[in-house]
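From first to last, the protein sequence lines stand for chains D and B. Position one of the first sequence corresponds to residue 1 (the numbering used here), numbered consecutively onward. Position one of the second sequence corresponds to residue 1001 (the numbering used here), numbered consecutively onward.
To be clear, the hints were calculated from the coordinates, so they are not data collected in a lab. One thing to keep in mind: the hints can contain errors.
Only pairs whose alpha carbons sit at most 20 Å apart, straight line, appear in this in silico DMTMM-like list of lysine to aspartate or glutamate [what the hints assert, rightly or not]:
hint, chain 1, residue 1, chain 2, residue 2
1, B, K1128, B, E1140
2, B, K1034, D, E116
3, B, K1029, D, E104
4, B, K1030, D, E100
5, B, K1030, D, E104
6, B, K1034, D, E104
7, B, K1053, D, E284
8, B, K1029, D, E100
9, B, K1029, D, D120
10, B, K1034, D, D90
11, D, K168, D, E284
12, B, K1049, D, E195
13, B, K1030, D, D120
14, B, K1029, D, E116
15, B, K1034, D, D120
16, B, K1034, D, E195
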Amino acid sequence: MDEKRYSAKFRAVDTLLIIMMILPILFGITLYVLCTPESSGIEIAGARIYFTIPMPLQPLPITESQVNSWLVIISVFFLCLYLTHGLSADHPTKRQHIVEWGLEQTQNLVGDNMGEYFKDFAPFVAAIMVLSALSSLLTLVGLYPPTSDLNVVGGWAILVFILITYYKFKCGPVHYLKSYTEPVAFLTPLNVISEFATPVSMAFRHYGNILSGSVISVLVAAALQGLSAMIFGRLPGFLGQFPFLQIGIPAVLSVYFDIFSGLLQAFIFAMLTMLYVASGFPEEDYREKLRKKAANAAR
Amino acid sequence: MQSSEVISVNIWQIIISICNLLILFLILKKFLYKPVQNMLDQRQSMIDKSFEKAKRAEADAKNSKLLYEEKLGGAQAEADAIVKEAKLKAQKKSDKIVENAKGKADDIVNQAKADAALEYKKAQVEIKHEITEVSALISEKILEREINTDDHRKLIDSFIENIGDSYDGNE
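Chain D on its own, in the form it takes in the complex (with noise of 0.2 Å):
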């Protein structure tokens, strides 16, 4: 696009989103600057309590998880801004195509998965993705990624969970508790743990793997300077030190746990959420249900 089309007062405003958008980035990392302790070698821990609120039944500890959560919010907050200004019907510009792209898709896969019914679905699912992608993407900057918290994942999956069972209710409680019988009855005990099974699953595959790719991450480099200790060890002065086989490798771990894993375990868990919900829900039945209300109101 040509860009003498742009005013100035465009472009500042463009100028200022973007700002924005990259300003609560950094703010988290120096807060995670200034609050971290000189390290202690291999550590694994949770995330970092920054203070804690007194709270009925259980103290709120603010962490790292929650902070660096509303961090990525504001962000993306603006990164929608910045998307949707100076959008125009008949004059695209190359962001909009962008993102009438992104929108397409994500409608697209909740149509293909959800059905037409679950239309709405679709800012839903993008939330879920992006949130969670963009949490995981934190450890690129070297913040605590708040998908590697159980608590952060396992709400979401709650939620998902009150979705399913908001959806399975759509026809009544009796047909609820009859979906449990099925296809016999004396499954019911089972039918009732994969029920539960399934935010919970859903809540610790996310964490599982995120938590994992940063373990295994501290637990190769840890090896890695150990190695390089046995073997250069003997070098003088400050080669001996230097651990030559941090270089290179960690990145390569990188690029898998931190891009593709978090990226992959985002997928998994919009698709799960579609599918789950979908499934869950009896769209002949309710329809079927839906026809009866309406012929006993003509009635």
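Please build the complex by placing chain B on the supplied structure of chain D, with the hints as guidance.
Relative to chain D, chain B alone:
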């Protein structure tokens, strides 16, 4: 600074996480999907409008084409009529001219006939006169004497008059 356990469950954190996801959902819905959808709707309406315009223009073009063809047909007929009229006029004119010419020719012929008749009469008179003279001369010669010319002439004249009459009557 403390760190939480690797596996720790905290209800408030779970609730915060749920709220985070919901907030992001609302943000995406309100600030990304809605404007883009509005824009798409607007574009759709624009496309519909331009299609309608194009259709209308096509119908207009068809109409004007029909009108044009109709006019063209009318013009052809008009031209034909004009040519026909012109032909008719020309025919009339030529007929008139020919008639005039004929009339003139007849006049000329009549004139000529009249002239001829006059000439003929003149010639007759002359011839009569001459014959009278000649016969007078001849009779003078024959008789060898002077006769009363006047009487003689009267005689011959009456004679010739008779001949001429009988000749005229024969004609």
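Status of the hints after comparison with the structure:
Taking the CA atoms of K1128 (chain B) and E1140 (chain B), the gap is about 18 Å. The hint holds against a cut of 20 Å. Of the pairs offered as hints, the one joining K1034 (chain B) and E116 (chain D) holds, with about 19 Å between alpha carbons and a cut-off of 20 Å not exceeded. Pair hint K1029 (chain B) plus E104 (chain D) holds up; C-alpha atoms about 14 Å apart against a cutoff of 20 Å. Taken as a hint, the K1030 (chain B) and E100 (chain D) pair is honoured in the structure, with Cα atoms around 15 Å apart against an allowance of 20 Å.
As the CA atoms of K1030 (chain B) and E104 (chain D) are separated by approximately 16 Å, the hinted pair is consistent with the 20 Å bound. Distance restraint check for K1034 (chain B) and E104 (chain D): the Cα-Cα separation of roughly 13 Å lies within the 20 Å cut-off, and the hinted pair is therefore satisfied. Simply put, K1053 (chain B) and E284 (chain D) have alpha-carbon atoms about 43 Å apart, too far for the 20 Å limit, and the pair is violated. At roughly 14 Å between alpha-carbon atoms, K1029 (chain B) and E100 (chain D) fall within 20 Å of each other, so this suggested pair holds.
For the given pair, K1029 (chain B) sits about 9 Å from D120 (chain D) by alpha-carbon distance, which is consistent with the 20 Å threshold. In summary, the hint linking K1034 (chain B) to D90 (chain D) is supported, as the alpha carbons are separated by about 18 Å, within the 20 Å threshold. Restraint check for K168 (chain D) and E284 (chain D): satisfied, since their Cα atoms lie roughly 12 Å apart, inside the 20 Å limit. The hinted pair formed by K1049 (chain B) and E195 (chain D) fails the criterion: a straight-line CA distance of about 51 Å is larger than 20 Å.
A C-alpha spacing of about 13 Å is found between K1030 (chain B) and D120 (chain D), which places the hinted pair at or below 20 Å, so the restraint holds. A hinted pair counts as satisfied when its Cα atoms are at most 20 Å apart, and K1029 (chain B) with E116 (chain D) qualifies at roughly 18 Å. The hinted pair formed by K1034 (chain B) and D120 (chain D) meets the criterion: a straight-line CA distance of about 11 Å does not exceed 20 Å. At roughly 34 Å between alpha-carbon atoms, K1034 (chain B) and E195 (chain D) are farther apart than 20 Å, so this suggested pair is violated.
Hints 7, 12 and 16, counting from the list given before, are not met by this structure.
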